[in-house]
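Start from the sequences and build out the full structure, keeping to the hints where you can.
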Amino acid sequence: MSSRLSTDYLFSQVQNNSTLFSSESPYLTYTLSNGLEIYTINDRQIRVTSLNRSTNSSHKLDVHLEFDPIALCANKLEQLLCLYDSNHCHIISINPPGSLISFTTLYKLRIALKSDESIIQVIFNNVSKFQAEIIILTNTRLLCYDINESLDTPVQSYKFSTDTDISSSIDAETSISANAGFSTLIDPVSISFATSPDDSSSSSPEADLTLFILTSDFSIFRIFPFLPANLSVPKDWLLTLFDQSSAQFKSLADLRLQTQFILTLRFARFLFETSGDIAIKDVLPNEFRRGKIVGPLPITPFFDELYSMDALKLLPLPNDIVCVVANHSLVALSYEHLSFVVFDHQSTIDSHDKFTLVDATIFDSGSTAICNGFVRPPLYDAVLLTTSQPGLVLVDYSDWMKPLSIALQTEDISTFSSLWMNSPTLPTVVTSLGEIKIPSLPSSGTDGIPLTSYQNQLWFAWNENSCLCAALSAHSPGKLTILPIYEGIEEVNEHVLLMAPQEAESVPLFNRYMPLIQGTFVDEVISQLEKSRLQVLKTQRIASQMGNLELDPDSVEHLHSLQRGGQVMTLCVLSLFESLSAISRRLTQLREELKNQVITLNEIKMRKEYLLPKMKKQAERVESVDERQKKLQERVDILKERFGKIVSSRVEVGDVALSKEEVRFSRFLNSTRDFVLKKEEEYGEVKGVVEDVKGAEREPIIVKRKQLKGDEIAKRRLGEMKEKLEAREQVIDRLGDELGRVHIVD
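Residue numbers (our numbering): 55 to 800.
If you're looking for bench data, these hints aren't it; they were derived computationally from the structure. Mixed in with the good hints there might be a few duds.
[To be verified] Computed cross-link-like contacts, EDC-like style, restricted to lysine to aspartate or glutamate with a CA-CA straight-line distance of at most 16 Å:
1. K304 with E584
2. K114 with D97
3. K694 with E783
4. K183 with E132
5. K741 with D691
6. K778 with E715
7. K456 with D466
As structure tokens, then:
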């Protein structure tokens with residue numbers, strides 16, 4: 055299905071089913087990751103609409119809510135949906151996509167909020183067991199509830215440090231001390247994990263364990279690691295965490311940083327030795343269970359205009375990009391981190407993380423303000439903003455996000471760097487999509503949640519080629535405004551571009567061969583084994599020295615020797631783990647590379663079978679053009695010879711008076727001579743192009759055609775020359791006839 059046809063089909067499905075989910079009264083909506091199943095919450099009831107069904111496309115769930123929710127969120131597995139307002143929070147189970155089952159399970163959380171406390175935002179912890187742990191952000195603390203354990207008691211909580219806490223004592227069991235960060239955390243507005251919203255390789259275990267907290271003054275705090283009460287991850291996730299920590303340790307040149315990073319390695323090793331499905335309190339030591347709030351993290355550069363704006367929300371994007379939505383701006387930040395863990399028991403904090411501002415979109419601070427922003431599905435390379443009119447604004451990062459993704463995957467930043475060099479700013483496109491209508495929301499006692507709920511008052515539908523956003527029309531009551539916010543361009547292989555239109559439909563597509571293996575065995579494994587061998591010898595030497603030593607508990611020197619021996623043994627164990635990791639990683643790369651080469655070999659065979667007849671056919675075309683050029687050259691040579699005779703005859707009779715007819719023919723011959731000289735020059739250029747085409751016989755024709763087809767100047771020049779060749783044949787024929795009738799009288 056083409057992109058245009060796919061978009062039209064999706065548009066018609068949304069339009070035909072709009073009466074099933076649209077509402078003029080306050081509502082919330084959520085679309086599953088397949089893009090075709092829409093949940094709408096209205097009048098405390100939940101309706102499910104499937105756009106890919108022709109019959110029975112809508113049904114209500116068998117549940118009745120006890121309050122009017124004004125915001126919602128879902129876990130990554132899309133098995134649980136959380137509905138909340140400023141005081142209540144309910145969780146319902148989501149049936150599989152396409153299901154017509156109305157039954158659902160309702161979990162009612164009983165949250166003990168203080169009189170001055172209200173819920174601001176709720177998110178799921180997607181590395182918790184069954185992804186059933188939620189994180190509730192209030193104006194004074196973080197509360198974590200695991201519905202598998204309790205609906206009444208949080209499994210952990212973080213109390214924010216405030217100015218009052220500095221001068222008064224606070225509850226040590228559920229709070230972070232006043233020196234938890236570099237500054238107090240006041241007026242939080244949003245939380246988010248650093249995890250990429252898509253399933254690309256840009257996400258990492260470190261991102262899954264990094265929680266950001268945004269305050270209204272653009273301050274961003276960090277908790278790493280932020281662990282759930284019950285961790286549930288695959289073994290590959292643990293291996294990646296350990297490998298990345300080991301690689302980070304080896305990349306540190308500063309001995310002081312290496313010493314600080316040992317704590318991170320110990321944490322990664324503890325997790326690596328588990329099964330991945332654990333209760334944190336039963337496996338990890340007490341000092342490794344709770345991360346510490348650190349911040350605010352530095353942001354450079356920071357524009358003066360941002361100081362007067364209020365931050366609203368955090369939006370993680372792929373490639374370690376984090377967007378901050380403010381009331382009059384949208385700021386894209388690059389998160390640069392060294393993955394140093396900071397735990398609750400640590401008294402001193404050295405933060406090595408920072409944000410670099412890579413793009414800022416500033417809006418006019420007039421009567422219209424930004425209320426919220428959310429990432430555009432399904433590529434997550436743009437941000438859709440809602441304004442207070444209300445209206446929609448699309449900020450598209452795709453022109454530089456795609457080169458950035460390619461640069462990170464291929465480790466070649468040339469294309470991405472060219473974007474920076476050619477322009478002082480990144481090629482971000484801002485588009486106003488017009489006005490919409492959003493029904494008034496229930497009163498909530500806080501100004502934060504109604505703003506964030508703007509996200510969930512827009513209906514979305516998408517497929518692999520397009521994404522549509524639907525909202526109530528601002529000018530036509532009862533009707534929907536359907537806006538295309540993404541229309542994908544179908545990727546065409548380079549071989550298709552070089553073929554005639556009638557041949558392109560049956561061209562098989564081939565992926566470019568990219569070696570998966572990196573580095574060499576000597577660099578990655580042998581060198582690490584040598585380091586481990588030296589570390590083992592050092593450990594043996596220390597052990598032999600301490601074997602005959604009678605320890606005196608009161609001797610500082612003996613205790614120092616014992617401590618040094620323990621450090622050496624710890625480094626030895628870490629070195630051995632790194633060696634095993636290097637060997638395992640190398641074997642995995644070799645196995646994957648072998649599979650890659652087998653697949654590539656089969657593709658090459660298929661490509662050869664397909665391209666060989668095409669190349670022969672193209673060679674015949676080139677030979678035909680060459681023959682035509684030779685014949686044309688012969689005719690030009692004859693014409694040149696005749697013209698030479700005429701010129702010589704004219705020189706010989708230069709002193710003879712010419713008649714008017716002879717003068718006219720003389721002028722005609724002069725113009726003909728100029729024309730022939732010009733055509734000879736053009737012939738030289740054509741001959742060079744033909745020689746280039748003939749040279750394709752000595753190398754793959756498809757490469758030569760790609761080069762010529764990709765050169766717009768060459769294509770335009772070839773078209774002009776083709777027209778001139780055809781015109782020249784006619785002119786030469788006419789000129790030959792004219793010259794044949796010319797008689798010079800002595």
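These are the hints, each one checked on the structure:
no. : hint           : verdict
1   : K304 with E584 : holds (14 Å)
2   : K114 with D97  : holds (12 Å)
3   : K694 with E783 : holds (14 Å)
4   : K183 with E132 : holds (14 Å)
5   : K741 with D691 : holds (15 Å)
6   : K778 with E715 : violated (30 Å)
7   : K456 with D466 : holds (13 Å)
Hint 6 alone, counting from the list given before, is not met by this structure.
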